[in-house]
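Visitor: The lines below spell out each chain.
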Amino acid sequence: MTAVLTISVLVLVAIAIWQMTKIFELSQVKAKTSNSEVANNEDNKNNGYLMFAFLVFIYLLTIFSFWKYSKFILPEAASAHGGQYDTLMLWSFVIIFIVQIITQALLHYFAFKYRGKEGQKALFYADNDRLEFIWTIIPVIVLAGLILWGLYTWTNIMDVNEEDDPLIVELYAQQFNWTARYGGDDNVLGDANVRMIDINKANILGVDESDPNGADDIIVKELHLPKGRKVNFKIRSQDVLHSAYMPHFRAQMNCVPGMITEFSFTPTVTTAEMRQRPEIIEKVQRTNAIRAERAAMGEPNSDPWEFDYVLLCNKICGKSHYNMQMKIIVESEEDFNQWLSEQPTFAETVAGK
Amino acid sequence: MSAHAHAVADDHAHDHGHHHKETFITKYIFSQDHKMISKQYLITGLIMGFIGIAMSLLFRMQLAWPGESFPIFEALLGKWAPDGVMDADIYLALVTIHGTIMVFFVLTAGLSGTFSNLLIPLQIGARDMASGFLNMLSYWMFFLSSVIMVISLFVEAGPAAAGWTIYPPLSALPMAQPGSGAGMTLWLVSMAIFIASSLLGSLNYIVTVLNLRTKGMSMTRLPLTIWAFFVTAIIGVISFPVLLSAALLLIMDRSFGTSFFLSDIFIQGEVLHYQGGSPVLFEHLFWFLGHPEVYIVILPAMGIVSEVMSVNARKPIFGYRAMIASILAIAFLSTIVWGHHMFVSGMNPFLGSVFTFTTLLIAIPSAVKAFNWITTLWKGNLQLNPGMLFSIGMVSTFITGGLTGIILGDSTLDINVHDTYFVVAHFHLVMGISALYGLFAGVYHWFPKMFQGRMMSKNLGYVHFWITAVGSYGVFFPMHFIGMAGVPRRYYENTAFPMFDELVDIQVLMTVFAIITAAAQLVFVYNFIRSIFYGKRGPQNPWGATTLEWTTPQEHFHGNWAGAIPEVHRWPYDYSKTYENGEYILEGQDFVPQTMPLQDGEEELQH
Numbered sequence: 001m002t003a004v005l006t007i008s009v010l011v012l013v014a015i016a017i018w019q020m021t022k023i024f025e026l027s028q029v030k031a032k033t034s035n036s037e038v039a040n041n042e043d044n045k046n047n048g049y050l051m052f053a054f055l056v057f058i059y060l061l062t063i064f065s066f067w068k069y070s071k072f073i074l075p076e077a078a079s080a081h082g083g084q085y086d087t088l089m090l091w092s093f094v095i096i097f098i099v100q101i102i103t104q105a106l107l108h109y110f111a112f113k114y115r116g117k118e119g120q121k122a123l124f125y126a127d128n129d130r131l132e133f134i135w136t137i138i139p140v141i142v143l144a145g146l147i148l149w150g151l152y153t154w155t156n157i158m159d160v161n162e163e164d165d166p167l168i169v170e171l172y173a174q175q176f177n178w179t180a181r182y183g184g185d186d187n188v189l190g191d192a193n194v195r196m197i198d199i200n201k202a203n204i205l206g207v208d209e210s211d212p213n214g215a216d217d218i219i220v221k222e223l224h225l226p227k228g229r230k231v232n233f234k235i236r237s238q239d240v241l242h243s244a245y246m247p248h249f250r251a252q253m254n255c256v257p258g259m260i261t262e263f264s265f266t267p268t269v270t271t272a273e274m275r276q277r278p279e280i281i282e283k284v285q286r287t288n289a290i291r292a293e294r295a296a297m298g299e300p301n302s303d304p305w306e307f308d309y310v311l312l313c314n315k316i317c318g319k320s321h322y323n324m325q326m327k328i329i330v331e332s333e334e335d336f337n338q339w340l341s342e343q344p345t346f347a348e349t350v351a352g353k
Numbered sequence: 354m355s356a357h358a359h360a361v362a363d364d365h366a367h368d369h370g371h372h373h374k375e376t377f378i379t380k381y382i383f384s385q386d387h388k389m390i391s392k393q394y395l396i397t398g399l400i401m402g403f404i405g406i407a408m409s410l411l412f413r414m415q416l417a418w419p420g421e422s423f424p425i426f427e428a429l430l431g432k433w434a435p436d437g438v439m440d441a442d443i444y445l446a447l448v449t450i451h452g453t454i455m456v457f458f459v460l461t462a463g464l465s466g467t468f469s470n471l472l473i474p475l476q477i478g479a480r481d482m483a484s485g486f487l488n489m490l491s492y493w494m495f496f497l498s499s500v501i502m503v504i505s506l507f508v509e510a511g512p513a514a515a516g517w518t519i520y521p522p523l524s525a526l527p528m529a530q531p532g533s534g535a536g537m538t539l540w541l542v543s544m545a546i547f548i549a550s551s552l553l554g555s556l557n558y559i560v561t562v563l564n565l566r567t568k569g570m571s572m573t574r575l576p577l578t579i580w581a582f583f584v585t586a587i588i589g590v591i592s593f594p595v596l597l598s599a600a601l602l603l604i605m606d607r608s609f610g611t612s613f614f615l616s617d618i619f620i621q622g623e624v625l626h627y628q629g630g631s632p633v634l635f636e637h638l639f640w641f642l643g644h645p646e647v648y649i650v651i652l653p654a655m656g657i658v659s660e661v662m663s664v665n666a667r668k669p670i671f672g673y674r675a676m677i678a679s680i681l682a683i684a685f686l687s688t689i690v691w692g693h694h695m696f697v698s699g700m701n702p703f704l705g706s707v708f709t710f711t712t713l714l715i716a717i718p719s720a721v722k723a724f725n726w727i728t729t730l731w732k733g734n735l736q737l738n739p740g741m742l743f744s745i746g747m748v749s750t751f752i753t754g755g756l757t758g759i760i761l762g763d764s765t766l767d768i769n770v771h772d773t774y775f776v777v778a779h780f781h782l783v784m785g786i787s788a789l790y791g792l793f794a795g796v797y798h799w800f801p802k803m804f805q806g807r808m809m810s811k812n813l814g815y816v817h818f819w820i821t822a823v824g825s826y827g828v829f830f831p832m833h834f835i836g837m838a839g840v841p842r843r844y845y846e847n848t849a850f851p852m853f854d855e856l857v858d859i860q861v862l863m864t865v866f867a868i869i870t871a872a873a874q875l876v877f878v879y880n881f882i883r884s885i886f887y888g889k890r891g892p893q894n895p896w897g898a899t900t901l902e903w904t905t906p907q908e909h910f911h912g913n914w915a916g917a918i919p920e921v922h923r924w925p926y927d928y929s930k931t932y933e934n935g936e937y938i939l940e941g942q943d944f945v946p947q948t949m950p951l952q953d954g955e956e957e958l959q960h
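Sequence lines, in order, name chains A and B.
Position one of the first sequence corresponds to residue 1 (the numbering used here), numbered consecutively onward.
Position one of the second sequence corresponds to residue 354 (the numbering used here), numbered consecutively onward.
What the hints contain is simulated information worked out from the structure, not anything from laboratory work.
Being a predicted model, the structure only gives us computed values, none of them experimental.
A few of these clues could be false.
SDA-like, lysine to any residue: derived pairs with alpha carbons at most 20 Å apart [unchecked claim]:
(1) B:K732 - A:K201
(2) B:K732 - A:R130
(3) A:K234 - A:M196
(4) B:K732 - A:K234
(5) A:K71 - B:V857
(6) B:K802 - A:S36
(7) A:K327 - B:A849
(8) A:K319 - B:G897
(9) A:K117 - B:E940
(10) B:K732 - A:L131
(11) A:K45 - B:K732
(12) A:K201 - B:E623
(13) A:K319 - B:H451
(14) A:K319 - B:T538
(15) A:K234 - B:M700
(16) A:K121 - B:Q942
(17) A:K283 - B:V857
(18) B:K732 - A:N40
(19) A:K117 - B:G897
Could you put together the complete structure from these sequences and hints?
Guide: Written as structure tokens, this is what we have:
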């Protein structure tokens with residue numbers, strides 16, 4: 001596939017260059033009559049037609065990209081607010097593409113239609129208040145709509161509150177891995193600060209051992225979330241900036257050393273359900289075909305893949321930034337509680353050392 | 354005021370009417386002549402651009418063929434590419450320095466520095482900048498900062514690698530990454546000098562435009578190029594000092610143990626003493642410059658495009674006053690939108706709302722400009738010279754790239770595309786490619802003015818434009834899809850995530866386009882160098898333009914006009930103007946130079 005693409009691009013470029021040289025030669029013939037570096041009739045004609053061809057190219061590239069690549073776009077959101085996000089995104093795209101198609105058409109068509117010809121007279125047309133008013137007021141109205149809609153959604157998403165008994169989870173970032181901490185039975189996180197980190201006692205998050213809220217905290221390397229329950233994330237970093245990016249949930253917040261940032265969402269699709277979605281099944285098949293190819297060639301990174309939600313680092317953080325990840329598993333509330341009860345508490349791990 | 358300036362300028366003329374005894378050094382090296390300084394800016398900028406683009410090819414190859422061994426990596430990166438496989442640290446360094454060089458050294462100094470210097474005196478009718486000495490100083494400080502930036506590539510632990518935005522703590526702690534040692538120190542020193550250079554230049558541009566306009570050259574008779582350079586200089590003066598303070602505070606944190614941007618850090622097994630600083634503060638300071646900076650990059654390109662497009666369309670620019678108003682509106686808004694880079698930085702979400710509002714507002718003047726350019730083409734007699742093609746190309750990429758700004762500027766939608774390749778695609782189209790097109794348009798158009806009437810080969814120009822136009826879209830259009838697949842930027846390779854496996858084909862496609870497009874720039878380099886020495890000499894006013902620079906003789910001398918400075922009688926866009934009976938104002942000529950007084954029976958229609 002890669003080879004086909006590469007070859008087709010090279011062929012297209014070769015054709016383009018061949019056409020160029022033709023133009024070049026043609027204009028050389030003309031050049032005998034007008035030996036100048038200023039565009040003549042022939043140049044205007046050739047480049048005028050190329051402008052039109054370029055419009056076709058832009059359209060074809062757009063169609064090609066959507067046809068080949070739109071299946072790569074992230075699947076439907078797996079969080080409660082994600083639906084609103086996706087709708088707003090869809091409408092923004094509709095508006096963008098309408099404007100794009102019209103303006104590119106006008107621009108390149110005019111460049112073609114009004115290409116210079118000897119004796120052609122341009123129209124002295126310096127001003128038209130009505131026209132300018134129209135194309136000022138239309139963006140104003142459209143953008144006002146988008147701003148209001150966007151701000152309404154933004155305010156909803158970013159309103160991190162304690163209503164509906166949210167699950168409290170700390171996401172802890174460091175070069176180059178993630179740790180999660182649950183509040184435990186009391187659903188309250190114990191105080192923590194990097195100054196209380198004690199590697200010898202495996203207190204890697206610097207949880208205050210004297211804070212009773214922290215004793216039942218549960219520290220894990222795999223993020224489990226219950227379906228249908230709001231999760232409030234308290235996000236920390238111990239060294240540099242990181243960003244907790246959970247693309248399938250339309251969620252992202254930076255991790256800032258020295259402060260606790262917050263994000264909140266409600267997962268709505270379990271990992272198991274997600275794996276059953278047709279688009280995910282297809283994606284996994286496509287990916288595993290690539291990986292099987294690699295396995296056949298004896299290359300690394302070739303184990304079959306099973307879909308999982310993932311938390312990525314999305315703020316440059318150093319050498320292994322590209323591999324700072326944590327698996328996210330969304331499951332039913334019963335499964336989640338079951339899993340949580342099997343994890344050791346902070347008091348247990350510290351005492352154990 | 355103009356009359357007074359004129360008198361002063363006339364006095365000044367006596368100093369320069371006679372030729373100084375010029376040595377090689379005063380003419381070519383420590384020149385105070387704005388035309389020579391502009392060429393120095395251009396050539397330094399192009400060399401830096403060559404380095405920056407070459408770097409992008411290296412990391413594009415790594416993205417398309419992750420972990421593959423290339424002899425070229427070993428040759429160019431040495432110990433950073435053992436056995437020809439690129440190291441992850443140097444990948445980040447390449448990305449960082451590519452960004453820094455392209456944004457500051459090519460598109461700020463190379464674009465604005467070149468054309469502000471060349472065109473401000475020539476188009477307003479001045480003998481030189483207000484201060485030739487400061488102008489010279491500005492260039493040499495820029496040169497020094499370029500040299501320091503290039504030197505930083507060779508330090509032992511590697512150059513700065515924290516991204517061009519150099520967010521602390523990553524950029525502040527050598528333990529966090531090797532590039533944050535001597536490499537980052539040199540980066541900061543280089544940028545501090547660059548900022549000083551930029552300020553000297555900008556102040557000079559502002560003073561020159563305000564004070565040295567020739568008689569009759571009112572502000573509303575200025576070509577749009579000058580308006581753009583003037584306003585660019587103003588936002589530079591407003592915002593660059595803030596970056597300087599951010600850089601100084603970062604230097605303090607790095608070297609003197611202060612805690613402006615750092616707090617509560619545990620790294621490599623120990624707690625650092627920093628307490629009470631905030632990385633978010635740095636982000637505010639950085640983007641207070643950083644956002645206006647992208648307009649510092651694009652406004653000169655807009656000005657150049659407006660001028661080149663009008664000349665070659667043989668039509669006045671549509672909506673001259675609206676164009677000025679939109680430049681001013683963009684400049685004003687550009688200083689109050691910086692927070693849109695920080696929607697998910699942890700700052701108060703309410704602040705995010707305000708920045709969404711101001712950011713989407715900026716789409717309005719941008720839309721007005723795009724529509725006005727399109728209307729300028731309507732019913733024109735388009736002379737499709739290479740400069741004109743790049744101008745049309747700039748409008749095309751500006752629209753394509755600008756539209757996705759509506760998504761990124763919306764705080765809600767930014768959540769999931771923030772820092773992904775969607776952003777990379779957006780800003781490369783809207784400010785990278787568009788500003789480069791503006792630069793190329795300017796070079797093709799004003800090359801005869803820079804190099805004693807010699808012109809660049811149009812046919813090579815056509816080859817250059819069409820390959821670049823196709824290639825740029827080929828690189829950056831598919832990139833949006835990578836972003837919407839959730840791929841974060843600044844990833845050394847995407848192989849750690851099976852969900853990104855199937856994107857490799859797109860990566861290869863983009864890299865192939867990138868290599869072809871970069872190769873096309875060699876056509877430009879060849880054309881540029883060849884034309885300096887062997888380019889055909891055109892007429893004094895090859896494009897039939899109305900503006901003052903084409904009234905100067907082709908031969909360069911300090912002072913621009915041999916006799917008195919010409920007086921201006923009309924705006925700069927009297928192309929294809931006719932009497933009511935349809936005859937051109939000047940018989941047999943479809944333009945009226947600014948120096949031509951109003952003719953009998955002619956109406957001053959436009960403003």
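Visitor: Decide, hint by hint, whether the structure agrees.
Guide: Now for the hints, and whether the structure bears them out:
| no. | hint | result |
| --- | --- | --- |
| 1 | B:K732 - A:K201 | violated, 79 Å |
| 2 | B:K732 - A:R130 | holds, 18 Å |
| 3 | A:K234 - A:M196 | holds, 18 Å |
| 4 | B:K732 - A:K234 | violated, 60 Å |
| 5 | A:K71 - B:V857 | holds, 14 Å |
| 6 | B:K802 - A:S36 | holds, 16 Å |
| 7 | A:K327 - B:A849 | holds, 12 Å |
| 8 | A:K319 - B:G897 | violated, 55 Å |
| 9 | A:K117 - B:E940 | holds, 19 Å |
| 10 | B:K732 - A:L131 | holds, 16 Å |
| 11 | A:K45 - B:K732 | holds, 16 Å |
| 12 | A:K201 - B:E623 | holds, 15 Å |
| 13 | A:K319 - B:H451 | holds, 17 Å |
| 14 | A:K319 - B:T538 | holds, 19 Å |
| 15 | A:K234 - B:M700 | holds, 14 Å |
| 16 | A:K121 - B:Q942 | holds, 11 Å |
| 17 | A:K283 - B:V857 | holds, 14 Å |
| 18 | B:K732 - A:N40 | holds, 18 Å |
| 19 | A:K117 - B:G897 | holds, 15 Å |
Of the numbered hints stated above, those contradicted by the structure are hints 1, 4 and 8, listed in ascending order.
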